[in-house]
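Engineer: As a plain string of letters, each chain reads:
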Amino acid sequence: MSHVLLSLALLASAVAPPERVVRMTARRFTYSPEVIELEEGVPVILELTSLDRDHGFTVPELGLRIDVEPGKTAQVRFVPQKAGTFLFHCDIFCGTGHEEMAGEIVVKPRKEARRGN
Amino acid sequence: MGQTTRREFLQLAGVGGVVFASGLFEGCASADRPRPAPADDFYFVQLSDTHWGYKGPANPEAAVELPRAVELVNALPKAPDFVIFTGDLTHTTDDDTERRRRMSGFRAHAARLRVPAIRLMAGEHDASLDRGAAYQENFGSLRYSFNHKGVHFVALDNVSDPKGILGDAQIDWLSRDLAPLAKATPIVVFTHRPLFDLKPDWDWATGDGSRAIDVLHPYPHVTVFYGHIHQEHHQRTDHIAHHAARSLVFPLPAPGSQAKRTPIPWDPAHPGRGLGLRDVETDPRTPDYRLREIALASEA
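Chain order of the listed sequences is L and U.
In terms of the numbering used here, the first sequence is residues 2 to 118.
In terms of the numbering used here, the second sequence is residues 1449 to 1748.
Since the hints were derived computationally from the structure, they do not count as laboratory data.
Check each hint, because a few of them may be wrong.
Across the chosen pairs, the derived CB separations fall in these ranges [claimed, not checked]:
1) U:F1594 x L:V80: 49 to 59 Å
2) L:R21 x U:R1579: 44 to 54 Å
3) L:D53 x U:A1630: 20 to 30 Å
4) U:H1665 x L:G64: 20 to 30 Å
5) L:R21 x U:E1747: 31 to 41 Å
6) U:H1687 x L:D53: 41 to 51 Å
Just so you know, even glycine gets a beta-carbon here, dropped at the ideal spot from N, CA and C.
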């Protein structure tokens, strides 16, 4: 029985890609990193912290948004469903450079990403 | 809805338009200027995104644009009934004292407009960092409505919440404000940010703007004038027309035309290119709106 459970667990881990964690920081008026490369179909957790004041993090095309507050870790969990480049930006007005506080998520097609590895 | 070129506009009226909102400067018209005709048809001028206090490469001559716009409006053959500024009167600053100084500077220039009324509203640069505190001290309410010659005007605040939303209380206020109106009443809405999702990944949207559109939707004659995107733009959501005005500081790129929403680079050979104002003429009996765009400087 234990062999069967172990086999199922191994099978499941082989089928579902492991969740990837990407840590990001936000401060006026940049995110770090500003470009995040992900792989289509691979689950990801974005962990964001603010180094100064309240910011927002939103990716309208992916339907993602969260508040990023100092002293807290904000988490966004999702599975990229399609390849492409998706812009993110701060949507809580934070000062004179607010309009430039942006970046992009680049989702590579699964096959292309694997060839690149 | 007609739209004219600058040349056509100049042939028609001489110069172009601005719009303000708040009633702050009621009674600025001078005795030597023709007053608006008492007839039902009238026009107003929309000015937007003056960003008073901006200093940067996108417009090294930013300080001359507002005074130039004031001169253009004052040169109109007939004064508009009112002028509305659709937000970002000042450029943002972290310094509360400097923010108030910029608002005073804006007020001094706007007060030179020789029109019966100047109406104002806030943009995120004026109001988001302090939730509208300095703006209200200087200019009054962030949202309001008024009636003028058969048209119901509403100014909405989608900037003092730094998330760029209207909020539940304001949506309720809008519903109550419109409730007494006959359905056929012409309604003009002024906002800073677009109420619809023009380009959300450039922050050209209002988080809960669709809720305001839902409230407005039962009324068949609704037109929205807004700013924020620093360019002329026209779009409809069903029967509701939305018109963005050019800026008076620097132009921004067309939605999605480049990777980032960075300003169109300053061209020293063509200072003022892409900047402008608009006048809006209407006959509430129709009701229809004729927009006339005018460049602040030669576009040649």
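Engineer: Work down the list of hints and note, for each, if the structure agrees.
Structural biologist: We went through each hint and held it up to the structure:
no.: 1; hint: U:F1594 x L:V80: 49 to 59 Å; result: 50 Å, holds
no.: 2; hint: L:R21 x U:R1579: 44 to 54 Å; result: 38 Å, violated
no.: 3; hint: L:D53 x U:A1630: 20 to 30 Å; result: 51 Å, violated
no.: 4; hint: U:H1665 x L:G64: 20 to 30 Å; result: 24 Å, holds
no.: 5; hint: L:R21 x U:E1747: 31 to 41 Å; result: 50 Å, violated
no.: 6; hint: U:H1687 x L:D53: 41 to 51 Å; result: 45 Å, holds
Of the numbered hints stated above, those contradicted by the structure are hints 2, 3, 5, listed in ascending order.
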